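Participant: Given next are the chains, with one letter for each unit.
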Amino acid sequence: MSTTIETPAGQRQPMVLNMGPQHPSTHGVLRVILELDGETVLKAEPVIGYLHTGIEKSCEAKTYSQAITLTDRIDYLAPLSNNLGYCLAVEKILNLEVPKRAQYIRVLLAELTRVASHLVWLGTHAIDLGAMTVFLYCFREREEILKILEYLSGQRMMTSYFRIGGLALEPPPDWLDRVQRIVDTFPAHIDEYEELLTGNRIWQARTKGVGCLSPADAIAWGVSGPLLRASGVAYDVRKMFPYSSYDEFDFEVKTQTAGDCYARYQVRVAEMRESLKIVKQAMAKIPPTGPFRANAPGIVQPSREEMKTSIEGLIYHFKIFTEGFAPPPGEVYQAIESPRGELGFFVASDGSAKPYRVKVRAPSFINLQSLPLLAVGRLIADVVACIGTTDIVLGEVDR
Amino acid sequence: MESQDADKNPVVHKLREWNAAAVSEVIEFRGEVTIVVARERLLAVAEYLVTEPSLRFSFLSDVTPVDRFPLEPRFELNYHLLSLDRRERLRLRVWTSGADPVVPSVTSIWPTANWHERESFDLFGIRFEGHPDLKRILMPDDWEGHPLRKDYPTEGYR
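Chains as they are written, first to last, in our numbering: chain Y, 1 to 399; chain C, 1001 to 1158.
Some hints here could point you the wrong way.
In silico PhoX-like cross-links for lysine-lysine, where the CA-CA straight-line distance does not exceed 20 Å [what the hints assert, rightly or not]:
(1) Y:Lys354 <-> C:Lys1150
(2) Y:Lys254 <-> Y:Lys100
(3) Y:Lys280 <-> Y:Lys254
(4) C:Lys1150 <-> Y:Lys62
(5) C:Lys1135 <-> Y:Lys43
(6) Y:Lys62 <-> Y:Lys354
(7) Y:Lys254 <-> Y:Lys277
(8) C:Lys1150 <-> Y:Lys57
(9) Y:Lys280 <-> Y:Lys62
(10) Y:Lys319 <-> Y:Lys308
(11) Y:Lys239 <-> Y:Lys280
(12) Y:Lys319 <-> Y:Lys354
Listed next, with one range per pair, are the computed distances between beta-carbon atoms [as the list claims (entries may be wrong)]:
(13) C:Ser1054 <-> Y:Leu169: 46 to 54 Å
(14) C:Thr1154 <-> Y:Ser245: 50 to 58 Å
(15) C:Thr1154 <-> Y:Pro297: 48 to 56 Å
(16) C:Asn1019 <-> Y:Glu143: 53 to 61 Å
(17) C:Glu1017 <-> Y:Glu305: 54 to 62 Å
(18) Y:Val376 <-> C:Arg1136: 19 to 27 Å
(19) Y:Gln66 <-> C:Gly1031: 23 to 31 Å
(20) Y:Pro24 <-> C:Ala1020: 54 to 62 Å
(21) Y:Ser245 <-> C:Glu1017: 32 to 40 Å
(22) C:Asn1019 <-> Y:Gly351: 50 to 58 Å
Think of the hints as simulated: they come from the structure by calculation, not from any bench. All values reported here derive from a predicted model rather than from experimental measurement. Idealized CB from N, CA, C, for every residue including glycine.
Based on the provided sequences and hints, a complete structural model is requested.
Facilitator: Shown next, in the form of structure tokens:
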């Protein structure tokens, strides 16, 4: 790229401005090459790959169970989402039925993860546009969710709590009381955020009419999640292709029609409320006792009790942790509705203990491609709003 | 695995009605349908799948290459399609050789394929004819080699 601009006096030429990869508002290591005419954006080209760590390649070198810990790091703001998608894909190849208790717990945790992820989105998006208080409030509430994840799995973020066949560990007996506290107090917090932003004239000026995406463009560009729903297309994987017993839950798919940043804000805030509805229903459905993982000798490890007292248990335990298990050869594509959109896992098995190919269809990667559609023609300040509204996570974009 | 049931699948049936030679193979596994088409027919089949009113696979979810080294043809390219109004998924598969992996670009049909194809080129070395701007997307611009190929070491060369 040329760095000298030779212009005869008086001639206008667009200016190339580099945004990132180090930049507080790109929400990660994202580089956007902006071509500007004054403050108007003529071109916005995202350049990615700064966080590429070869997760898909690494998955091929690990057994199916070991690869779960890699999936946490893809969309690191919603690690349980990734765990869920991957586990469902492998369970599909294995044709393995997960016990209902584990399915309901998975739904509950997936929805709490959605709330936690949306809180990060709201906090960072708001602070980019100047609303600093919202950031602190959102992260304060997110702490409560992280505490629950720590209580269950020992980890705040990279939990790897879902395993092939169910959960990693039996949840502690009183964990639902802690979830109850969240369900009781959260709606008031969401009201707080709305009070600060929804009717706020500055917020509306920064987000209404900014980054408009038409439904036709959204579909053509493969956009999914709140971006698509804010443009009026009611596509939610949980409703269209229900997984993990989502069809037993009563919730709405929230949409708007304006397709601008404000509409996406409204959709995500409404989604947080719907998620809490699902969490409440899940709490009522989860039986207090029962298996937390499938009974599948050779695939799901036996309980510690069984391993220590029966020779079969010992042998299965040994084989699972040394050889792993070999699913039948074949390919599946399992999609889930992550907080960012359609998160798909394409898993190809060749009949060995290690996946032959794991491809992550990352919603942020696809949604980021539509950034020029949102930002071109707007001002530089709107680029920040547009990046924030796409809710990208660079771990997912780059893998 | 081709079977009589395969033709009962309405999408396969429609495709064969439209062009008897369109579909090379049909695979059904775990409730998912994969339609294998010849590379030369890819654009025509894709166009048909999008525009045919009873199919309307307007949403391209994903483009996934798989390296089946040392088989020949080497690269398996999977297109994951979705019909939003009919609530149905479909996988379209094309095979291409290892020596000269070239496939027509579907960006003219599904613009979202742009970055998918760049990633396939970057990590597998598959070239897409007609792509507006085929260049690496994840690896640095001056990288040599295609990391997700099976003959590329997991830990890299550097």
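Participant: For every hint, state whether the structure bears it out.
Facilitator: Structure-based check of all given hints:
no., hint, in the structure
1, Y:Lys354 <-> C:Lys1150, "14 Å, holds"
2, Y:Lys254 <-> Y:Lys100, "27 Å, violated"
3, Y:Lys280 <-> Y:Lys254, "18 Å, holds"
4, C:Lys1150 <-> Y:Lys62, "14 Å, holds"
5, C:Lys1135 <-> Y:Lys43, "18 Å, holds"
6, Y:Lys62 <-> Y:Lys354, "6 Å, holds"
7, Y:Lys254 <-> Y:Lys277, "13 Å, holds"
8, C:Lys1150 <-> Y:Lys57, "9 Å, holds"
9, Y:Lys280 <-> Y:Lys62, "37 Å, violated"
10, Y:Lys319 <-> Y:Lys308, "15 Å, holds"
11, Y:Lys239 <-> Y:Lys280, "18 Å, holds"
12, Y:Lys319 <-> Y:Lys354, "14 Å, holds"
13, C:Ser1054 <-> Y:Leu169: 46 to 54 Å, "49 Å, holds"
14, C:Thr1154 <-> Y:Ser245: 50 to 58 Å, "36 Å, violated"
15, C:Thr1154 <-> Y:Pro297: 48 to 56 Å, "31 Å, violated"
16, C:Asn1019 <-> Y:Glu143: 53 to 61 Å, "59 Å, holds"
17, C:Glu1017 <-> Y:Glu305: 54 to 62 Å, "59 Å, holds"
18, Y:Val376 <-> C:Arg1136: 19 to 27 Å, "23 Å, holds"
19, Y:Gln66 <-> C:Gly1031: 23 to 31 Å, "27 Å, holds"
20, Y:Pro24 <-> C:Ala1020: 54 to 62 Å, "59 Å, holds"
21, Y:Ser245 <-> C:Glu1017: 32 to 40 Å, "38 Å, holds"
22, C:Asn1019 <-> Y:Gly351: 50 to 58 Å, "34 Å, violated"
Going through the hint list in order, the structure does not satisfy hints 2, 9, 14, 15 and 22.
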